[in-house]
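Novice: Listed below, chain by chain, are the residues.
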Amino acid sequence: MFTRYTAALAALLLVSAAPFAQAADKPTDPQIAHIAYTAGVLDIEAAKQALEKSKTKEVVDFAKDMERDHEAVNKQALDLVKKLKVKPEDNATSQALTKAAKEERAKLAKLQGAAFDKAYIENEVAYHKQVNGALETLLIPSASNAELKSLLETGLKIFQGHEQHAEHVAGMLK
Amino acid sequence: MNAIALHRLLWLAVPGLVLATLPAAAATIQVTIDKLVFSPATVEAKVGDTIEWVNKDVIAHTATVKGSWEVMIPPKKSASLTLKAAGAVDYFCRFHPNMKGHLDVSP
Ligand SMILES: [Cu+2]
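Line by line, the protein sequences are chains F and S. Here the first sequence is numbered in the numbering used here, starting from 1 and rising by one per residue. Here the second sequence is numbered in the numbering used here, starting from 1 and rising by one per residue.
By construction, these hints were calculated from the structure, which means they are not laboratory data. Model, not experiment: these values are computed from the prediction. Glycine is no exception: its CB is placed at the ideal position from the N, C-alpha and C atoms. There may be inaccurate statements among the hints.
[What the hints assert, rightly or not] Pair by pair, the computed Cβ-Cβ distance ranges are:
| # | chain 1 | residue 1 | chain 2 | residue 2 | range |
| --- | --- | --- | --- | --- | --- |
| 1 | F | K107 | S | T28 | 43 to 53 Å |
| 2 | S | V89 | F | I44 | 15 to 25 Å |
| 3 | S | T50 | F | K57 | 27 to 37 Å |
| 4 | S | V89 | F | A92 | 43 to 53 Å |
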């Protein structure tokens with residue numbers, strides 16, 4: 001009985017834990033580069049889904065902004081890892097992020113019109129909040145290369161801007 | 001008045017007119033955008049001055065005043081605005097609202 005309860009509790013904690021919370025160990029620079037790049041790719045994919053599905057100007061404009069910014073930042077990240085001869089390394093956090101994003105896309109695929117718009121923008125707020133939290137508390141403090149750290153710090157400012165932008169669009173949809 | 005006199009009058013008058021219509025000291029003031037920061041964040045200017053935003057970032061930004069003007073500043077490019085009205089305005093970037101700037105425009 002008691003064992004079953006703790007098992008259920010553990011399962012619940014695992015489900016509700018954000019992908020980043022599972023990374024107990026300090027990530028290495030190749031892993032950090034992979035996580036940051038993946039976070040950008042996933043938001044570009046989310047934007048592409050919104051561009052296909054939404055007809056609301058504010059939402060379409062926002063998705064275009066996300067696509068454009070994350071592509072530019074990821075290009076910069078690729079240039080930097082090339083320069084530093086760092087090979088981005090796949091890891092549990094990147095995989096958890098990718099899995100969560102895939103599930104979210106499947107959920108959004110079933111929605112139409114205003115329901116889609118609302119769910120997409122709310123997820124954008126939550127997603128940027130989650131990535132920003134990880135950048136602040138885990139990725140930036142763990143980065144050892146100064147140039148990588150600086151790129152992540154600029155990335156954090158951009159993503160914080162996106163979070164505020166998403167909150168603004170969410171407010172307009174209400 | 002004969003043609004020569006008219007000519008002389010124009011020669012005298014035209015530079016005077018040009019001087020009179022130019023604002024006393026129209027200046028171009030640069031605001032640099034680097035890593036999502038407008039600097040200087042606060043600019044004191046006069047009506048007729050031009051603000052030139054120089055974007056060093058790889059992403060586009062805007063300088064936007066709510067309900068008024070907006071200047072789009074593409075990545076690695078510059079964009080300008082000539083100030084037409086006096087007053088103090090707060091501006092921000094519409095893409096990244098955490099970027100803020102301020103203009104104090106005197107008449
Ligand atoms: Cu901006």
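Novice: Could you run down the list of hints and mark each one as holding or not?
Specialist: Now for the hints, and whether the structure bears them out:
{"no.": "1", "hint": "F:K107 / S:T28: 43 to 53 Å", "verdict": "51 Å, holds"}
{"no.": "2", "hint": "S:V89 / F:I44: 15 to 25 Å", "verdict": "34 Å, violated"}
{"no.": "3", "hint": "S:T50 / F:K57: 27 to 37 Å", "verdict": "31 Å, holds"}
{"no.": "4", "hint": "S:V89 / F:A92: 43 to 53 Å", "verdict": "48 Å, holds"}
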